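Asker: Based on the hints, put chain B in the right spot on chain A.
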Amino acid sequence: TQLLEQSPQFLSIQEGENLTVYCNSSSVFSSLQWYRQEPGEGPVLLVTVVTGGEVKKLKRLTFQFGDARKDSSLHITAAQPGDTGLYLCAGENSGSRLTFGEGTQLTVNP
Amino acid sequence: DTEVTQTPKHLVMGMTNKKSLKCEQHMGHRAMYWYKQKAKKPPELMFVYSYEKLSINESVPSRFSPECPNSSLLNLHLHALQPEDSALYLCASSQRLAGGPTDTQYFGPGTRLTVL
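The listed protein sequences derive, respectively, from chains A and B. Heads up: the first sequence begins at 1 in the numbering used here, then just goes up one per residue. Heads up: the second sequence begins at 1001 in the numbering used here, then just goes up one per residue.
Just chain B, with the same shape it has in the complex:
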């Protein structure tokens, strides 16, 4: 099973709203990722959690706040977003074996976010 699930599938929010995106995997993967993707462009890395600790923050604005409650769950809290933040938000996970030659990432179906 290589499934990563994300909820909600679609989200429309105003610039003053607070919402959260959720991601879950039950593959025993120890690394989880948030990406932002604009139409017809490749995904852009936002955050990486490795063994439940934030290991990479790609200079993402503070209106995006990640959280990793446990090794299976990853949240992205949203507050005071701008219309230009509208995009497909993708979660991914990978095994993250220490010293392993590869670390293939498996993506979820994404959340289509629209900020009005």
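Extracted from the complex, chain A is given alone in its bound form:
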């Protein structure tokens, strides 16, 4: 069974602060997705990382895939209240199953 440990589980910060969310596993994934989900809505894809060591930037969000493709991080610079939500990492391998982390509930206070 593949596991993906995501931390922290909860994060409450002030507007303008920086933060990092981590996903770690002992398993290798062929790719890893990051999603953001608001209450009562479906997860929205933020990024897919595929290559070990890959870094992708999406405005104030920076995603990194570990060299060994076992871990990933999401860094948000100058967080804004609109960044509030549940952030999910999900590792993908062949066979259609995504291995989800437990999620990070981020609250950015104005």
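Treat the hints as calculated values from the structure; they're not laboratory data. Computed from a predicted structure; not experimentally measured. Just so you know, even glycine gets a beta-carbon here, dropped at the ideal spot from N, CA and C. Misleading hints may appear alongside valid ones.
[Unchecked claim] Computed list of chain A residues with no C-beta within reach of chain B, every gap over 10 Å:
| no. | residue |
| --- | --- |
| 1 | E15 |
| 2 | L19 |
| 3 | E41 |
[What the hints assert, rightly or not] What follows is a list of derived Cβ distance ranges for each label pair:
| no. | chain 1 | residue 1 | chain 2 | residue 2 | range |
| --- | --- | --- | --- | --- | --- |
| 4 | A | G40 | B | P1069 | 41 to 51 Å |
| 5 | B | H1010 | A | T77 | 34 to 44 Å |
| 6 | A | N109 | B | H1079 | 38 to 48 Å |
Answerer: Structure of chain B alone, referenced to chain A:
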């Protein structure tokens, strides 16, 4: 366009009712998925259809019955549900290219189901 649509948005049903959830995608994706999600938890996989054939059933109770009428549509038929089945039901789709390195899943907005 990476849109997956789901109807209805909300559904309230009694334990003796029969209802259906619907999902549609027009991205040409050949894999479609049903997930169940409880509050503040990650989605749990229920079923996977690949090229319109059921490829994965995660030991889901028979009161949930999936159907894939064609490559764009996915239904979930509900019968004799229990209150503990109340959850957000998510549909997703992916391209499912043979031999492709990745198979990113795109989620719909979900159906909030309440079983009384």
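Asker: Look at each hint and say if it fits the structure.
Answerer: So, going through the hints one by one against the coordinates:
1. At the 10 Å boundary, the C-beta of A/E15 stays outside the reach of chain B, the nearest C-beta of that chain being 23 Å off.
2. Non-interface call for A/L19 relative to chain B: holds, since the shortest CB-CB distance, roughly 18 Å, exceeds 10 Å.
3. Residue-level check failed: A/E41 sits 5 Å from the nearest beta carbon of chain B, not beyond 10 Å.
4. Distance hint check: the CB atoms of A/G40 and B/P1069 are about 27 Å apart, inconsistent with the given range 41 to 51 Å.
5. A hinted range of 34 to 44 Å holds for the C-beta pair B/H1010 and A/T77, which are about 36 Å apart.
6. In this structure the hint that A/N109 and B/H1079 lie 38 to 48 Å apart at CB holds, the actual value being about 45 Å.
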